[in-house]
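Colleague: For the protein sequence lines, the chains are A and B, in the order given.
Residue numbers for the first sequence follow my numbering, beginning at 72 and rising by one.
Residue numbers for the second sequence follow my numbering, beginning at -18 and rising by one.
For the record, the hints were derived by calculation from the structure and aren't laboratory data.
Certain hints may be false.
[What the hints assert, rightly or not] For the chain B half of the interface with chain A, some residues (derived, Cβ under 10 Å), not all of them:
#1 Leu692
#2 Ala715
#3 Leu717
Just so you know, these numbers come straight off a predicted model, no measurement behind them.
We put the beta carbon where it would ideally sit given N, CA and C, even for glycine.
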Amino acid sequence: MTQIVARLLLAPSLVIASAVLIKGYSSVGDGFSAGVIAALGVLAQYLAFGYREADRLLPVRLAPVGAVAGLLLALVVTFSSVLRGEPLLTHSPPPGSEVVHLGTLELITAVAFDVGVFLLVFGATVGILRAVAMARVEDET
Amino acid sequence: MSRLSQIGALTAALGFGATLAIWAAGGGGIDLPWAPALGLRLHFELDGLGVLYSLLATGIGFAVFVYSGGYLPRHLAHQGRPRRDESSFYWFLLLFMVSMVGLVTAQDLILLFVFWDLTAIASYFLIGYDRQDVEARIAALMALVVTGVSAVLLLIGSLMLYVEYGTFSIPEVVERAEPSKLVTVAAGLMALAGLAKSAQVPFQFWLPRAMAAPTPVSAYLHAAAMVAAGVFLLGRIYPLLVTSEALLDGLVVVGFGSMLVGGILALTRDRLKQLLAYSTISQYGYVVVMYGLGGAAGVVGASFYVVAHALAKSALFLTAGAVTEATGEERLSRLGGLARPLRALAVGSGLAAAGLAALPLTIGFFKDELFFDSAEERSGLVAGLAVLGAALTFAYIGRFWIGVFLGPLRSPTHGAPLLLVGPVVGLGGVVLVGGLYPEPFVRLANAAAEASLGFATSVEASYHLDARVENLMAVFVYALGAAALATERAWRAAALGASSLGERLGPERLYVASIRGLNGLSDRIHGIEVRDLRTRIAAILVPGGLLVLLGLIATPHTTAYVVGGIAREDLGLVLVLLTTAVAALATTFPRQHLTLLLVAAGVGFSLAVVYAFLGGPDVALVAALVETTFTLLFIGVFALMPRASLRRLASLRTPGTRRWRDPLVGVAAALGAFLVVWGALSRPSIGDSVADEHVRLTPDAHAKDVVTAILTDFRGLDTLGEITVVAIAFFGIATLLRRGRLW
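Isolated chain A (complex conformation) (with noise of 0.2 Å):
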């Protein structure tokens, strides 16, 4: 019962979190939330499948790397500003200028640094938590 529920969770908790990441500019959310609710969606396999289980089924083990990749994102359009000679982290269009649209999403560079946002607390959030599964597993093995 625990694994269906689970297994049924995953999809819909992944969806929420872009969700959220999508309509962060607008409406309620962040990329911060929506990291958090992604690997929500993780630690539920975890709980009811076993770290194993869920290694198997999940490409967990990428999380170091999206943690990382999150952080250079958000570093690079920090520095990205000082290259056009702006003071650190000048999100681009400027003010009052027009922003191109896909739906609910702006195709800003504050967007971007909440897309790094989400990778990082992702990544960083499964990652902590598959460390601390696989630290009992070895305990008991």
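Go by the hints and put chain B onto chain A.
Modeller: Quick look at chain B alone, frame taken from chain A:
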């Protein structure tokens, strides 16, 4: 020679050539904005001073890199260390050379400070290069602390000048500076930094210790270049120093003090490098005296002296290293008669020693001529002290060279390799050439003096075969020095007595005592703060609470502490708040860890509901998510702990002393927090708050959600810092739980 030593030598040679070329082309520099908002510029200029010291840093650097190519493999082999340890040596040597060139060409006070400290950092790692040696580590730390702490004086002086004149640019400060108390104090602080770096009395004690470094480092950093940075600073800020007679007189006193202390102690030392280290202290004493005496002769003489000394002294240090390599001995009392087996080395170092002793036909003769010239212009006393100091130099250098190369052969030698002898002969040759054709060196010194004084000087150096005062003083020095050498037995006991007195009462004691005191204080604070979790929290919360309480008492609160009403639609909020309070009280009862955790989570979730009621959906969402994650994480961590110890902890009884104290502390803290929050909330804020500003600006950030705009835009740098902390925490946890493996 290893690849890295070749790269270093090539870099040094290229830098030397480039400096010469730029100087021949009439100088030049770059001037770029660095941090315009702070008035900082990357301004480098190759003026006379810059050229002189750059040539010194790259020229001696070239010789030292070549020498290290032969020295370092043997040094490492002696200590049984692998060859790969070589690379860090060369990188720090290279870092030093580059920062030295940056330092002497910098025209911005902050830039100067940065390079000043970079040279100290390179010096720290190079002194402590033999890291298995406790003495070397202590010496490295001492050099770093003495020069690093005094560097703060340089920074303070720079900031004082900035506050007064509104610029960090050295040429602009010099132009605007007028004699005033502020300029005197600022220049005095900066001069103190310079004196500490040049190992002048009373900061001299770090330099003999620094001899724990490998010999090429001693020759380069602690004789020719880094120590010279101190007197370079005096030359750079000379226009500020001349605004006060007292400062100049102080320099004369310190300089003579260093000359005499260094000279007398050099006469007593048995280890070659120790002797040379005290000699360096006394030699930079000459330079400081000359800056203090001032005038064209003094300033040109000071610059000339630095060049002459650097050439001769680095050659002598390299000699000491080569002799020790060839014989395995480093004490004067166990060496002797090496002139026959090591003929080339004896000639090269003989030239260098003659230069330091100021014999005619070497560049050293002119250094003393200019010194005597500026000294006898001042007064008879100064001239007498100058002769005394120079005679000491003659005596200890004579003692060094005669002791190593003449007399009976005391220790067997297996010859010195070409790479160790070549640089010594080369430097000795330059000392000789400088004695025969002093013209280019004098021109360099004049150019450097022009940068210090602000007007062109035309001091010349040539031999005069007549009975002028300088010549008479020189002859007197030779006679006195030779007499001292001949009568070593007579004064040796007295000199040793002076040396042991200095060791017992000298400034090094003060340094050791202050380091001990600071260590003790740090230990005591550490003991209080991290003994257990309770004292650590108390150490933060009690002072914090007291400060808030003071603020509470100080603010007028006539309009605060209003009891408001409860509207009908707030009923839900009140209920949730009551739940939160009950949950918070409930956390004090459970003894099982898991129960405690779940009750605490209950507090968190109730608070999330409170946020939702107050119209903060973003905050409520994050609160709920974080509470969930942390609860689950805690459960995971509890699962890692041994069951038995958890059970044992849960069954422990509260000790009697804490049964009443803990609730009392809790109630007092809660009351304080209650008063502060009530006072703050019952007084509506006046005027625009930051929150209003954020709401107003949100459309400009193309956002509809204020919280997201704050996180990613208005306060984006904070977010960047926070996610970096998250990443570091992640790596830390992985390191602890998985022994460093992330995957």
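Colleague: Now, for every hint given, state plainly whether the structure supports it.
Modeller: Cross-check of the supplied hints:
About 6 Å separates the beta-carbon of leucine 692 (chain B) from the nearest beta-carbon of chain A, less than 10 Å, and the hint is met. Hint status for alanine 715 (chain B): holds, given a least beta-carbon distance of 5 Å to chain A, under 10 Å. Annotation: interface hint on leucine 717 (chain B) holds; nearest CB of chain A at approximately 8 Å, less than 10 Å.
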